[in-house]
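Q: Residues per chain are reported as follows:
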Amino acid sequence: MGYVAVTGGEQAISASLDLNERRRVAGGRSVDVDTVLSCLPELVCQVQSEGSLWAPEVAAVAVKQACGSVEEAVFLMRAYRSTLERLYTSRVIDTNEMHVDRRISAAFKDIEGGQILGATRDYAHRLIEFELADETTADVRDRLRELEASLDASAVETPAGVLDRVPRVLTYLRSIDMVRDYPLDDTEPVDITKTPLSFPAPRSVILQALSRGLTQAVIAIGYAAIRGFGLSHPTVGELRRGTVAVTVDAPGAGADASEDDAYYLGSIPVTEVESLIVADEVDEDGAHRSALDVGYGLVVGSDESKAIAMSVLDHSLRADDVRFPTQDQEFVLYHIDGVEATGFISHLKLPHYVTFQSKLDSALRSMAEKEDEADA
Amino acid sequence: MSRRARTEILVESPAALAHDLARAIEAELPVRVVVPPRQGLVMNQVRETARNSRFYLGEALMSECRVRIGDVEGLGVVLGADDELARSLAVIDAAYAIGPAPAVIDEVERRIEAAGNQLERERARENARIMGSRVSFDEMGGQDMSVQAVVK
Numbered sequence: 000m001g002y003v004a005v006t007g008g009e010q011a012i013s014a015s016l017d018l019n020e021r022r023r024v025a026g027g028r029s030v031d032v033d034t035v036l037s038c039l040p041e042l043v044c045q046v047q048s049e050g051s052l053w054a055p056e057v058a059a060v061a062v063k064q065a066c067g068s069v070e071e072a073v074f075l076m077r078a079y080r081s082t083l084e085r086l087y088t089s090r091v092i093d094t095n096e097m098h099v100d101r102r103i104s105a106a107f108k109d110i111e112g113g114q115i116l117g118a119t120r121d122y123a124h125r126l127i128e129f130e131l132a133d134e135t136t137a138d139v140r141d142r143l144r145e146l147e148a149s150l151d152a153s154a155v156e157t158p159a160g161v162l163d164r165v166p167r168v169l170t171y172l173r174s175i176d177m178v179r180d181y182p183l184d185d186t187e188p189v190d191i192t193k194t195p196l197s198f199p200a201p202r203s204v205i206l207q208a209l210s211r212g213l214t215q216a217v218i219a220i221g222y223a224a225i226r227g228f229g230l231s232h233p234t235v236g237e238l239r240r241g242t243v244a245v246t247v248d249a250p251g252a253g254a255d256a257s258e259d260d261a262y263y264l265g266s267i268p269v270t271e272v273e274s275l276i277v278a279d280e281v282d283e284d285g286a287h288r289s290a291l292d293v294g295y296g297l298v299v300g301s302d303e304s305k306a307i308a309m310s311v312l313d314h315s316l317r318a319d320d321v322r323f324p325t326q327d328q329e330f331v332l333y334h335i336d337g338v339e340a341t342g343f344i345s346h347l348k349l350p351h352y353v354t355f356q357s358k359l360d361s362a363l364r365s366m367a368e369k370e371d372e373a374d375a
Numbered sequence: 000m001s002r003r004a005r006t007e008i009l010v011e012s013p014a015a016l017a018h019d020l021a022r023a024i025e026a027e028l029p030v031r032v033v034v035p036p037r038q039g040l041v042m043n044q045v046r047e048t049a050r051n052s053r054f055y056l057g058e059a060l061m062s063e064c065r066v067r068i069g070d071v072e073g074l075g076v077v078l079g080a081d082d083e084l085a086r087s088l089a090v091i092d093a094a095y096a097i098g099p100a101p102a103v104i105d106e107v108e109r110r111i112e113a114a115g116n117q118l119e120r121e122r123a124r125e126n127a128r129i130m131g132s133r134v135s136f137d138e139m140g141g142q143d144m145s146v147q148a149v150v151k
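For the record, the sequence lines run as chains A and B.
Numbering that gives the first Met the number 0 applies: residue 0 is where the first sequence begins, and numbers increase by one.
Numbering that gives the first Met the number 0 applies: residue 0 is where the second sequence begins, and numbers increase by one.
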């Protein structure tokens, strides 16, 4: 039993498309893309994170076209991406050189470089501010001036470069041998946009899939892994947020090309998390000892919940032990991609006339056979 | 100044700087476009800090242009869709590749250094604002919870 092509319905589809477009314009107002970028930056970031494409202006158009549906905007971004040629692969980004604008640790109070709160909602009264309903652009500009004056008043002069090379908590833990130090691993990463998933998945695949995963799915499965459906209960050793520089080597340059000769293209915002999980480590002599394992999360944008959940799942999936679904690579990685998941779910709306007829026929036959047996 | 430092200043400064410098170069030297401005992708690869391995974080939209001045080629690359900026960056890159350096480079270099100083001032101001949110535990007595104390 296969699919069959049907004809007809063109007029209905055309009307449906018009109805859908009318829904977009029915309010009689238009929002310009700059306004979407300025007022909804976190939504635009989420679309780029899940769309796996950093292109803020394009993402803002996608958000507008999708009437704010993240699912649809991400689909549009992935479709747009597929129309473009990949011209370069960046030099390896070293997050030690992140320009940090927020950096905290839940493991230690005093850390070298300090706990830098930066912009966060963590300490805000998270209640609806109804006065925003009447806020004007002039109000926003006045507020910006006030805030910048206030921030200048509380500013702390700092030597140049301090926020470009912030020390890591992990460095201390490695220095006392509580966290294992790994040599540089320059294994060429596998790219999941070019290679189908296979299991067990290499580390590069796990991290890429989690980083571009459906935000709420990553958070939900990460939560499950902590809550009892997994064995990863982390402490956030360090969470840092900031921007990383994207650079490329000159065309034709060798693998040992100097960074000084590279081209700087711009910077992208990221959030990085190193979670610490107590683990039983076995040394070369077979002796067991308690140590700390590190779960790693890095996402484009500023979604800290996603970055923390990613770090939990990075650790969880290393076990590749299917006792818990959160440790099952196939369960997590196959289902965490937004376009895959929503694509499959939404295909259920498409005509399944023939397959359903077959199921119905089979059920009716079975019922008839049972009735015949009862009559006999 | 290294190309890395130069291109960062040009990309992070207002685009008018690169356009002005490219115009000044083109007034002195003939520029031929080899690859017209186009959009494409750059895949960002990252080194993670748990296992020191590499992975792909995702792609970014970028613009590229290649030009020639005489026998030397210049490349302009920048994130986003900005054909004009990619072209201006390529012109400046080509001018720097000429040996010996043409006379116009002195002025170009001076303007880039000035723009770099301006960027530094802006960054210093923003950094100071961010550092205003650094937590001070100095007044909180009790147990020393610093990394060094805890791990002793």
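Among the hints, erroneous ones may be present.
Just a sample of chain A residues kept apart from chain B, beta carbon distances all over 10 Å, derived [said to hold, decoys possible]:
#1 12
#2 21
#3 48
#4 133
#5 154
#6 182
#7 186
#8 188
#9 197
#10 215
#11 225
#12 232
#13 249
#14 259
#15 343
#16 345
What follows is a list of derived Cβ distance ranges for each label pair [stated by the list, open to error]:
#17 B/108 <-> A/163: 21 to 27 Å
#18 A/85 <-> B/118: 17 to 23 Å
#19 A/358 <-> B/34: 39 to 45 Å
#20 A/329 <-> B/80: 35 to 41 Å
It is worth saying that the hints were derived from the structure and are not from the lab.
C-beta atoms are modelled at their ideal positions from N, C-alpha and C, and glycine is treated no differently.
Q: Next, verify each hint and record whether it holds.
A: Going through the hints against the structure:
Even its closest Cβ contact with chain B, about 32 Å, leaves residue 12 of chain A beyond 10 Å, as expected for a residue assigned away from the interface. Listed as outside the interface, residue 21 of chain A is consistent with that label: its C-beta sits roughly 30 Å from the nearest C-beta of chain B, beyond the 10 Å cut-off. Residue 48 of chain A, annotated as away from the interface, has a beta carbon of chain B within 10 Å; the closest lies near 8 Å. Every CB of chain B is more than 10 Å from the CB of residue 133 of chain A (nearest about 28 Å), matching its label as outside the interface.
With a minimum CB-CB distance of about 4 Å to chain B, residue 154 of chain A fails to clear the 10 Å threshold, and the non-interface call is violated. Non-interface status of residue 182 of chain A relative to chain B is broken: a Cβ of that chain comes within 10 Å, the nearest being about 7 Å off. For residue 186 of chain A, the requirement that its beta carbon stay farther than 10 Å from each beta carbon of chain B is not met, with the minimum near 6 Å. Residue placement check: residue 188 of chain A does not keep its beta carbon more than 10 Å from all beta carbons of chain B (closest about 5 Å).
For residue 197 of chain A, the non-interface assignment is confirmed: its Cβ lies about 16 Å from the closest Cβ of chain B, beyond the 10 Å cut-off. Non-interface status of residue 215 of chain A relative to chain B is upheld: no Cβ of that chain comes within 10 Å, the nearest being about 18 Å off. At roughly 18 Å, the least C-beta separation between residue 225 of chain A and chain B is larger than 10 Å, which holds for a residue marked as non-interface. The claim that residue 232 of chain A lies off the interface holds: its Cβ sits roughly 17 Å from the closest Cβ of chain B, which is beyond the 10 Å cut-off.
Its beta-carbon lying about 7 Å from the closest one in chain B, residue 249 of chain A breaks the requirement of being farther than 10 Å from that chain. Chain B draws residue 259 of chain A into its interface by the beta-carbon criterion, the shortest separation being 4 Å against a cut-off of 10 Å. Residue placement check: residue 343 of chain A keeps its beta carbon more than 10 Å from all beta carbons of chain B (closest about 22 Å). The beta carbon of residue 345 of chain A sits about 23 Å from the closest Cβ of chain B, which is more than 10 Å, so the claim that it is off the interface holds.
The hint said 21 to 27 Å for the Cβ distance between residue 108 of chain B and residue 163 of chain A, and at roughly 24 Å that hint holds. In this structure the supplied range 17 to 23 Å is violated for residue 85 of chain A paired with residue 118 of chain B, their Cβ-Cβ distance being about 30 Å. Checked against the hint of 39 to 45 Å, the pair residue 358 of chain A and residue 34 of chain B fails, with Cβ atoms roughly 56 Å apart. Checked against the hint of 35 to 41 Å, the pair residue 329 of chain A and residue 80 of chain B passes, with Cβ atoms roughly 38 Å apart.
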